[in-house]
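> As a plain string of letters, each chain reads:
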Amino acid sequence: MNNIFVYCEVENGVVADVSLELLTKGRKLADQLKCQLEALVIGANLKGIENSLFPFGVDKVTIADDARLFPYTTLPHTAITVKLFEEEKPQIALMGATSIGRDLGPRVSSALHSGLTADCTSLEIGEHEDKKENKVYTNLLYQIRPAFGGNIIATIINPDCRPQMATVREGVMKKEIVSQNYKGEVRTLDVSKYTTDTDFVVSVIERHMEASKVNIKNSAVIVSGGYGVGSRENFKLLFELAEVLGAEVGASRAAVDAGFADHERQIGQTGVTVRPKLYIACGISGQVQHTAGMQESAMIISINNDSQAPINKIADYVINGDIADVIPKMIKYYKKNSK
Amino acid sequence: MKGLKIIVLAKQVPDTRNVGKDAMKADGTVNRAALPAIFNPEDLNALEQALRLKDKYEGSEVSILTMGPGRAAEIIRESLYRGADKGYLLTDRAFAGSDTLATSYALSKAIQAIGEFDVIICGRQAIDGDTAQVGPQVAEKLGIPQITYAEEIISVENSKIKVKRRLERGIEIAEGKLPMCVTVNSSAPDCRPRNAKLTMKYKRACTVTERQDASEDYISLFNDRPYLNIKEISLKDTKAVESEVGLSGSPTKVKKIENVVFQVKEAKVLSAKDEDMENLMVELITNHTLG
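These protein sequence lines map, in sequence, to chains A and B.
The numbering used here runs 28 ahead of the 1-based position in the first sequence.
The numbering used here runs 153 ahead of the 1-based position in the second sequence.
To be clear, the hints were calculated from the coordinates, so they are not data collected in a lab.
From a predicted model like this one, the values you see are computed outputs, not experimental measurements.
For each residue, glycine too, the CB sits at the ideal point set by N, CA and C.
Hints may contain errors.
Unchecked claim - Now the stretches of chain B that chain A is said to cover, found in silico as 3 or more residues with beta-carbon under 8 Å: (1) 248-260; (2) 279-287; (3) 320-332; (4) 378-392; (5) 396-408; (6) 433-443.
Isolated chain A, as found in the complex:
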């Protein structure tokens, strides 16, 4: 009872990365709170899905398997989640900030009258003192997220309502296997007891899904390279840093024209305009053509061995150095210091 639940998304028998990332975070929170980590999977043809989940430290997998539960529609998934949460009374419930999680989360929170924080970038456990009521709350979930167009970072808490719900975007948290041998229990729900026929009023009559594509526009962190990166081979360093930071890789026009990066990654007047929280410009000189597409980034770090590069004028941090030297260090010290 009072465990941590992660709603896991599955498509074609594969668990979404964001769900595995949340399980990884959920495992850490569960250890801190000394409770269990549970996964909820709702869909069709889910036989054996628990085997993809247990390695992430899941103590219990609850499965609702029914042909009508895929593709996702709002009401049946809501009905199952709400009823299960009413029975199990989780203290924390996490979902991906995906097309599904952002459709389901508010519905569940509205039904349970519990607080939900969207698009958290960090989740921590902490306490809260309500001076007015003279009450101290311990073991609350701090739901930390940018707000106001990214201009502020807010820490949100739900002192009194349970579950404490949060959604998190893909790539924000790390994905880490606890142990290939980790084993928990499986519980299969009788779907007919959790849904009614009227829950199936919406039907999906057509569906075209594509594999994940480059999505620099919505990425909170962008590692971008210019002509100064030198080669397509050297761009691999940028991809390594991006992978570690949960970022996307962008490029200036000069780098794209030189064949170092694909056109879909081009940022600037003739590419896409981005406003990430953090823009790491690697070997980019900073032509207006390029800066027009990224100057509204909340924070800009420029890595360049030319200390006079124009981009340094709009940067918050300027690192004088070679990317081959700097990027491996950034990776090393990020890994060392991130939770």
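For chain A, the structure is supplied; the task is to place chain B on it using the hints.
Structure of chain B alone, referenced to chain A:
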């Protein structure tokens, strides 16, 4: 078929998209003067979808409902200029401090007070919070289904609504029975501009409070031309429970706010030495720039 009754939910928001580094004051508070109040962009996409239904299905009526302070009547007038038929301003001091859930509760009560509807249409999310929660939460409170991320409402025939959805990784066409709540994406067509005739017609549309504040008589105006009345709805009119709105009705509380906007200043110059690199990464993690 008889026309559709459509209610569009809209929000007036501070324009957080087009602000430079002066959006925050040095003390970390929001510099409201630098942020004009605008019609939430995706709510305009929603309004356009509603107006297209009205064009297509004769006898349809588009009402616009917004919750906010008195000045939010501006976006109702804006909607009337573009083709909406009626406007409602849900306003009450008791609503101050509402989170998404308390807001949704108040809106659902207001919708019930307004009366029957076939479709509720709203923007997917507002740019001041980006939560995308209010649409689904309202639908849940009203006990109706939802179709989110609409790019186009394809048709409403025989009490069935067909919607093209734009998802992160593809598209879907979903169909469901009315009544339905639809949330609209920014990838949907832009809203039509003001119509000159309608702008003339509704130029003087206002709320009772606005009339009173201008020391003008509203009774004769609204008697002569009732369409100029932007109806104000208070907590009492909605029959909402007071403890369920405002701060007391909000399960989420803001514990802490940190300013992350960096003033234009001299860039910090670092070397590629290990010490500088480690300090930088620690700083980025501590201030939540990196998760």
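> Checking each numbered hint in turn, tell me which of them this model violates, lowest number first.
4
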